Amino acid sequence: MDNHSNSKPGDFSGLAKDYSESRPDYSKSVIRSILALIDKKVSDIDFVDVGSGTGIWTRMISELGPKSIISIEPNDDMRDAGIKDSKNTKIIWKKASGESTGLEENSADLLTMASSFHWTDFEKSTIEFNRVLRKGGRFVAIWNPRLIEVNPLLLEIENHLKTLNPNIKRVSSGRSGMTNTLTERLWSSEYFDDVIYIEGRHIINMTTERYITAWRSVNDLRVQLGECGFKTFLDYVEERISNIDQIPATYLTRAWCAKNVK
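Under numbering that gives the first Met the number 0, the sequence shown has 228 at position 229, and the numbering climbs by one with no breaks.
Hints in this document: simulated from the structure, not taken from any laboratory.
This one's a predicted model, so the numbers in the text were calculated from it and none came from an experiment.
Be a bit skeptical, because a hint or two may be false.
With beta-carbon atoms standing in for the labels, derived distance ranges [unchecked claim]: (1) K39 - N158: 22 to 32 Å; (2) T162 - I202: 22 to 32 Å; (3) D244 - K168: 15 to 25 Å; (4) E226 - K93: 44 to 54 Å.
Heads up, simulated DSSO-like pairs for lysine-lysine below, C-alpha to C-alpha not over 30 Å straight-line [what the hints assert, rightly or not]: (5) K161 - K261; (6) K161 - K123; (7) K66 - K27; (8) K94 - K40.
A virtual CB, placed ideally from N, CA and C, is assigned to each residue, including glycine.
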């Protein structure tokens, strides 16, 4: 039996290797903009990344030299891959969730969720983040969806999903769902104010192998299409890009940055 055949929404078990090898970096300009909002030198910032997967975003912040870095990931496969990928860094990995981080009160200046906030309970997690953050600290929810409109080939491939399942929904695209109302929800929260939206584009030239691997790491499609339908889709993608050496993929890093008010 395929080791992904019992996949559930949000469960990335068995996908860590593909995720680690294929998922893109985030916009460095967006990172610099976020750090500029914190009234401390980077070297004095205590940083926490929640739902960090294999640590792609965590390591990007780590490279800038914060005082401390804690990476929280509930999935064992993803966390184990992140620990392996993060050797020779000072990142401390913990098993916990957005709703219950297990961290000390008032212990962080920056707490982020990169491509993962949509998997949490909004009310429970924002209560927890308010507890963990110091007054004036920042919570950041960030996503890194592809901007497929600028590449007709990528748009064609995405649209092919509808032929396999007309009712398919992309729950983790970062351009739909909770992101449509996130600014208003954060402003309405008793725990945050000064909500700032930051957006930046960057292009990653992917090999065809990396592009296919990126699709393999997408949990929500595997669940909605089923193993047979998902394989049919991957076969279509492989055939469609068979004569291409590199695929320029534009990514839209989107960040919601809110100040803790307690």
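Consistency of the hints with the structure:
About 45 Å separates the C-beta atoms of K39 and N158, a value inconsistent with the hinted range of 22 to 32 Å. Between T162 and I202 the Cβ separation comes to about 28 Å, which falls inside the hinted range of 22 to 32 Å. Hint check: D244 to K168, Cβ distance near 33 Å, so the stated range 15 to 25 Å is violated. Between E226 and K93 the C-beta distance comes to about 32 Å, which lies outside the given range of 44 to 54 Å.
For the proposed pair K161 and K261, the alpha carbon gap of about 46 Å is over 30 Å, so the pair is violated. Our distance criterion of 30 Å between C-alpha atoms is broken by K161 and K123, whose separation comes to about 34 Å. A C-alpha spacing of about 19 Å is found between K66 and K27, which places the hinted pair at or below 30 Å, so the restraint holds. Among the hinted pairs, K94 with K40 is consistent with the structure: their alpha-carbon atoms are about 28 Å apart, no more than 30 Å.
Comparing the model with each numbered hint stated earlier shows that hints 1, 3, 4, 5, 6 do not hold.
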